[in-house]
Every structure is written in C-alpha cells, then in structure tokens.
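Enquirer: Protein chains in written order, with our numbering: chain A, 689 to 929; chain B, 689 to 929; chain C, 689 to 929; chain D, 689 to 929.
A portion of the hints provided could be inaccurate.
You can't tell identical chains apart in this list, so a pair holds if it fits in one copy or across any two.
[To be verified] Simulated pairs of lysine to any residue, SDA-like, Cα-Cα distance not exceeding 25 Å:
1. 750 / 832
2. 925 / 807
3. 792 / 853
4. 792 / 852
5. 925 / 894
No lab work stands behind these hints: they were computed from the structure.
Predicted model only: the values in this text are computed from it and were never measured.
So you can see what is in the structure, the chains are spelled out below.
Protein chains: 4
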Amino acid sequence: MIRVLIFNEYLHEKDPGCKASEIYPNGIHGALAELLNSEEDIEARTVTLDDIETGITEKILKETDVILWWGHMAHDRVPDEKARLVHEAVLNGMGAIFLHSAHKSKPFMRLMGTSCSLIWRESDDLERVWVSAPYHPIVRGLDNYFELKGEETYGEPFGIPTPDETLLIGWFTGGEVFRSGCTWQRDNGKIFYLQPGHETYPTYYDRNIRKIIVNAVRWVAPTFRSTDVMDCPNPPKAHKF
Amino acid sequence: MIRVLIFNEYLHEKDPGCKASEIYPNGIHGALAELLNSEEDIEARTVTLDDIETGITEKILKETDVILWWGHMAHDRVPDEKARLVHEAVLNGMGAIFLHSAHKSKPFMRLMGTSCSLIWRESDDLERVWVSAPYHPIVRGLDNYFELKGEETYGEPFGIPTPDETLLIGWFTGGEVFRSGCTWQRDNGKIFYLQPGHETYPTYYDRNIRKIIVNAVRWVAPTFRSTDVMDCPNPPKAHKF
Amino acid sequence: MIRVLIFNEYLHEKDPGCKASEIYPNGIHGALAELLNSEEDIEARTVTLDDIETGITEKILKETDVILWWGHMAHDRVPDEKARLVHEAVLNGMGAIFLHSAHKSKPFMRLMGTSCSLIWRESDDLERVWVSAPYHPIVRGLDNYFELKGEETYGEPFGIPTPDETLLIGWFTGGEVFRSGCTWQRDNGKIFYLQPGHETYPTYYDRNIRKIIVNAVRWVAPTFRSTDVMDCPNPPKAHKF
Amino acid sequence: MIRVLIFNEYLHEKDPGCKASEIYPNGIHGALAELLNSEEDIEARTVTLDDIETGITEKILKETDVILWWGHMAHDRVPDEKARLVHEAVLNGMGAIFLHSAHKSKPFMRLMGTSCSLIWRESDDLERVWVSAPYHPIVRGLDNYFELKGEETYGEPFGIPTPDETLLIGWFTGGEVFRSGCTWQRDNGKIFYLQPGHETYPTYYDRNIRKIIVNAVRWVAPTFRSTDVMDCPNPPKAHKF
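In isolation and in its complexed conformation, chain A is listed as follows (with noise of 0.2 Å):
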C-alpha cells in the first residue's frame, strides 16, 4: 500500500468568484484524493493551509510514501519549518510530486537550489503535451501526445538544475514551449514535477493526466528509506599500510 499525502494550500477554490470553486468544490486536493484512493494500491489523504501544523508533521511524513504538492499564491505561508522537513524526508526517501504552480513553492525551490522561474501567461491558449521520453513508466498508456483544451500558459526559460529526465514536452497555441514533466533523483529521494493543473481549467480531470499521476506516484515511491541522511558518518580507519 502506498501511503499518500496530498497537500494543498486551498484557497482560490474557497473563493466564490472564481472559477475553481465549481471546478473543484472540494478543492483540489479532494480531486486527487478521490482519484488515488480509487486504486487498489494506494492510500491517499489530504492536509491544506488550515490545519498544516498538526497535518505536516516529523511523524506523519515517517508514515508517507509519496507527497503532492499544490500552491500557487499563498508558498509564503507555509513555515519554514514544514518546508524543511517536507525536504529533509525527500532526502532520506520520501517520494515527491509538485504540481503547475508548486514549482515557486518552498519544498521545490529547497530540492532543486534554483530559481524555478518560467515565464508564464494566462490567456486560454490550448496546450499540446508530447511525450519525449516513450520508455518511462511514468508515461505508461499515455499516445504520443494529448492535448487540454485550456492551460495557463507557461515557458521556457524554466530555471531548473538539468533533470534526470524529461519526460513531457508542452506546446501552447500561444507560441511557447515547456519541459512540461521532469524526473530528479535527490539523494535517496524522487522528485516528478508535472506543469499541467491551472486552478480555472478542469485538468486534474483529464484522463492523460490522471494516467500521469498515478503512475507518477508509483514510480517515486521510494524502494529505499533511510532515517539519518543529513548525517556525517565517522567510520574507523579499515585498512593500516
């Protein structure tokens, strides 16, 4: 059983005037709650804004497999201090998956050491997302591309640290391409990113991106747990010449 935590920070949905409160009426991370806890092998809840300090916890991410990863305007209310151990439990195994905006979000900009900047436009283009990378798991049952209607748009420059792997290329009607899904390997940890998930676009509804994320959490579910990573062992001398 893979163990699941879906954070989202669970504001624009709480918003009447706009239009992720009907899209997503119990926000998003109910959208993927709903999705993860349909498979047979995975078990997913879920922790927002509201009650992160009792919901993100040195123990409770002992107990999780795999982290999602939801924020857009409000990274700069998550403390500090959750960032951190959201980072440190990546490091020692923890699976992690940041979706669209999360790229600016603490945990990711901890992980990747960069700018995480794109550029980025909001103006309905649809987006064309190629898979560049057909052996991947992650990609699993998905064509050669899929299309959304509908996504914010968002570009190259992405400042990233070089992935592992580029899994997603996205193409928008508006002229831009994007390093749409990467994969990152942190010490004992792994890291997908997914750019597709605007708030006013029914996305996480998609059959290809609902394939992605499932698969997704899959594949950084860690085979590898270790407790003591940011340690500095001070082993004996093994051999005296």
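Since the structure of chain A is provided, determine the placement of chains B, C and D on it from the hints.
Expert: Below, chains B, C and D alone, put in the same frame as chain A:
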C-alpha cells in the same frame, strides 16, 4: 580582470592550539588571496566571519565575479540572509568555488538541495587525486594524478546531485574514495567543489591544488550575468491563431 | 586561428529541380564557408562527397579543430572508414557541429549510440526557437526566441542520450516541439547539434542561425587534444602495501 | 519471467594453462546461468563464440529481456552484424549488462559512442567496492562497501559518457579508483556496466557480486518494448493555423 571574493570563517587559524595557526598565519583566506593576486588577470579580496556584515552585501556581490568559500566549525554563524544573497548571486551568474568542509556550508547546501553528507576521518591518510576528465580546463597542467602526503579523509556516498562533470576522484590510504572535484551549472552560475583543504595540512600551498584553484577561478568566471533570475516574466501572447 | 572543415554531401544543390540550387548556388558548404571565413579567428575549408576520399583523412583531421557536418539523402555513401576517422578525431578532442538532417549521419550516430530518430514533416511550418539556457556562450547575442518563417518540422521524441545541456527548444506551427540545440561531451570532444537548416529554406542566411553557428564553432573548439584516446594504458603498480 | 541470454566468448576457460579453467569449469557463462536460474523469476540461457551464428539472431533477441555480455581477448571475432543486432535490440528496450572487460566489446562501444578506455594492471590488488548510490535497486542488500581479495585493477579515466547514475566506485590497493558500477538509458533500453569479474579470480561466486547481478537483471528488464525505434515517422500536420 576577474574580481574574486574569498570568504573564510577564520577560526581555526586564530586558535594557537591548532596547527592551522602555524600553517596559515594569515588565515586560509590570506594564503588564497596571495595566490590569486599573483595572477595578472585576477584581483582578490577577502571577508571573514568578523566582517561578514559589511563584507558580503548585494552591492559587493554584484561587483564580484567569483566567490571562494571556506567554512567548517561555524557554518551556523553565517546569517541566513548572507547565504541567501550569495545563493541568488550565483543563480544570476556569479561563479562559486566551495572548498573542503564548505560542503556543509549554507550557500553550497542551498545550491545543491541535497544532504551534502559524506563519511570522514582524521587519520593522516595520504590522498591520491585522479584526473577523471583530462579534457577539462580546470585540470589543465596536471598529470594523471597527484598526491597529498596528508589530508582529512572524505568518503562516499557524497550526498550531491549527479555532477555535470566529475573531474577528480580521490583515493585514500585508509580505503576510501571520493568525488573530489565536481562541477554544476545552476541557472546562470557555474559551481566547482574541491575536496582537499583541511586546515591542519598545507594543502593550499601544494602546486597542483594551486593550479586547480587558479584554473577554476577562470572557468567559473561568468560570461553572462543577469539581475532578475528569480522573476517570472509575464509576456503578452505572440501568436493569435 | 580555429581551423574548420565543413562537410556537405552536396547533392540537393546540384539538382536544378530542387529549390536548394537557387538558395545555395555554391552549396550549403559554400554559404557556411563564406560565413565562417568572414570571422577573423576562423579559417574554414570544405569537403563534399565528391572529394571525401582525399578531403577527410587522418592527417587532415589532425589539422582540424572543428568539423561541421551536413548530410541528408546520402548518409550511406559516406564510407564507414571516414565515419570512423571523424568519430575518433572527436574523441581525441576535435569539436563537431551536426546540422539538421545530420542527425542520421554516420559520425553523429556513432557518437550518440542511440537511434537518433525523430518525427518529421515538410509542411512549411513556421518555427519559433526558444533559448532555454540563456547563460550559454552558444546563444550569446540572441533574444529570448527567434523565428524562422519556414522550416522542415522535426518533432519529439528525439532518440538521443540526455544532452549535457539543452540550449534551444523549437516550437512549430504544426504542433510539434523539438530539442533544437543540444551539447554533449564525448571523451575529449565537444559536440553540438543544431536542428534548423533544411535545404529548401534560406536558414543558413538567417542572422540568428549565423550567430549560433559562429558561437558554436568557438565553443566546441578544443582546449585539449589527445592522440591516443582509444588506448588502454597499462601502468606499473605505484603503491606496494 | 525474465528471459536472460548470457553471452561469453568462452576462450580463457578452455585453456588448460589458464586459472579460469579451474575456477569456471563450465565457463563464466555456466556460472552465471547457474546463479540466475536459481532465481524463480529468471530464466537464463547461454551463447558463446562457438554458436554465436545461431545463438544471437533477431528472433532470439526479440524473445530476450536482458542480455549479459562477457568478452575479453576476442572482441573482434564477434561479427559486426551480431553487434548491430544486439545494439538495436537494446535501443528497442532489451536490458543489457556488460561485465568487466566487455567495456571494449562491440555492443558496449556502439552504445556508449566513446573510447571506453581505462588504465589496467594485473597485480593481484585487493579491491574495495563502495556503494555511492545507496538508494538504487541494483545495490539492494549490500553494505556500505565490500571487498574482493583479488581483482584485475581498472583505473580512471574511464572513457564513458557521464553515467546517468554512478552506483559503485572501486578502490584498489595499488592506488587506483574506478567507476565500477554505472547505468545509462539509451532510447528504450537500460544498460548497466559492472567492473569486477576478471577470469582468473572467483569473482562471480562472490555473494555481493551475485546480489548485484541478480538485482541488475531485474532492474534493466524492460517495462516497455518497441520494434521500430530506428524509424523516423512522418505524421500529417495536426494544427492548421
């Protein structure tokens, strides 16, 4: 002219009970500054924990092409804000060279995003340093390998993101191996980590180490510099299909 | 002085029925030689399928710093032995730039070790080329992106080893994306692949493409050159514990 | 069931004057087949230079999930066409494990595109093999390091493309270091290189080496298989702006 700033915490060398005080009477930063200032195209100044408040500022970093960093027992005494300034300057293009125990310094850890952990031992091992990337400008002028009569032992696993290039691999008589010279690109900045340089050995007087450091200063020096790498521009739509 | 050798199969341009004969009356190699010879630090000569026997030899390659390669319909007519010589010269340090359909040329495929496959279409798409690594010397002087009014469409997946750096990503009106500028280090040699350059478009007269090619010649030019990279030395034992 | 094909040139073991004949009376391939066939999920068969003509065919490779390759003195006797078939099968998704002196085998060199050179010496060094990527499934069950009482010495520089992951780094009493376990993705195929395994030492009976080989078979086994990776599809235009 390459403008270099050398940071050294400068504690060991002021402790009369520590060998470092004899080996580096003017501090490690003093020895490095003397070396670099003897090169016609390099101009080096120094900063220590004592004057970090005025010696590392946004203005000074903008006028710095390359920073060298040596720290060991007082990483925590470097203010977070100073680490942030250095981090951001590197992402905007400033080159950075991290020396020896700076693997656990705040700016290096921020740039890597990993544990930066390793195993270590002070047992007077001889280190043989192998050149694993003979083509690289940083190892220009070296033989296939060189030896340091004594060094602190560092060993794998080294908790770093896969380096762009692994230039040096160290072999220790005690039985350890270590990726002793590594490079990374992070946004617009070039980074080099060099393992040898324990304060109780005259490593920074070794002619091979000196060659590496001078070569590295030239190699990480920026050819491109930005000021706004952290921003996410919001350009208008170009193609209106 | 950087000594450049430009290989072009030179078939399309000799076919009066092909647009290439009008666009490149002196051949693509002629246009590239004119461009490069207008730079003070570059000295370019050319070779085609007609004189490959005497124009690509071990001696000539030793006196060549950078090779440019354009081929399309006659990759098979390049003798294996010539491909081997070029391959080995690159491993010994000669820089190499592969242009457009040279993705399926013998020397490129030998260097990559992969399929080098892609999807393609001739449908007069406009291509917008994005700079994804703004810090890199090869893209010096370019804006965030530039456009080519017409180009052959190339699309992902591109069957290459993960590039060391992806400098350019192409966007096509037809809906495709492509990693249009990529670098690799192979032993002592630097390699650059550049996608635009179909024979029926005046791509090699475009000022941005010309900048890229001149920059790339300087960037892949060797700073280190060996003669025996294929050998496996058998040194005596150094440490006798 | 993972279908494995073990290729061994099988020459040293048939030479009564060579220690290999005592250590591996049924050949290295025999020892490896026995090991792998003792695993419930693996089914291994073997092929040597004697029956390579019928033992390595397009049909057989299509029915092979993972190939293991051991060769040393007779790389040249492997027909180019057989090397090509193996190369292409890997690009289409077949996993491949190259053992010890197979670093200069035709299929490995084709996949790498580099010199695959190294330094070497037969001087009965002890090798200590360090795990540099403890999270990786291939090193599951190993301690931080293990030792081999005697091995042929291999040393850096190793002329390979930067590995996707460097799992093992070897330390030799003679003073050398070596990237002893490396992985690469090439199109749809996973590749693992493992350095220990000289014919005059009982390396393939070592319990750690055996763990690595069994783990590696499972890790390189394909999750995706294509048949046409060398093709360049020519799809119609999708978007007509």
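Enquirer: Within a copy, between copies, both or neither: which one fits residue 925 and residue 894 at a CA-CA cutoff of 25 Å?
Expert: Classified as between: cross-chain Cα gap 24 Å, same-chain 57 Å, threshold 25 Å.
Enquirer: Cα distance capped at 25 Å. Does residue 792 pair with residue 852 within a copy, between copies, both, or neither?
Expert: both (20 Å within a copy, 24 Å between copies)
Enquirer: Regarding residue 925 and residue 807, is the shortest C-alpha distance of 25 Å or less found within a copy, between copies, in both, or in neither?
Expert: Between copies, since 11 Å is at most 25 Å while 52 Å is not.
Enquirer: Indicate which option fits the pair residue 792, residue 853 if close means a Cα-Cα distance not exceeding 25 Å: within, between, both or neither.
Expert: both (20 Å within a copy, 23 Å between copies)
Enquirer: As a check of your reading, is residue 750 near residue 832 (CA-CA no more than 25 Å) within one copy, between copies, both or neither?
Expert: between (37 Å within a copy, 23 Å between copies)
Every hint, counting from the list given before, is met by this structure.
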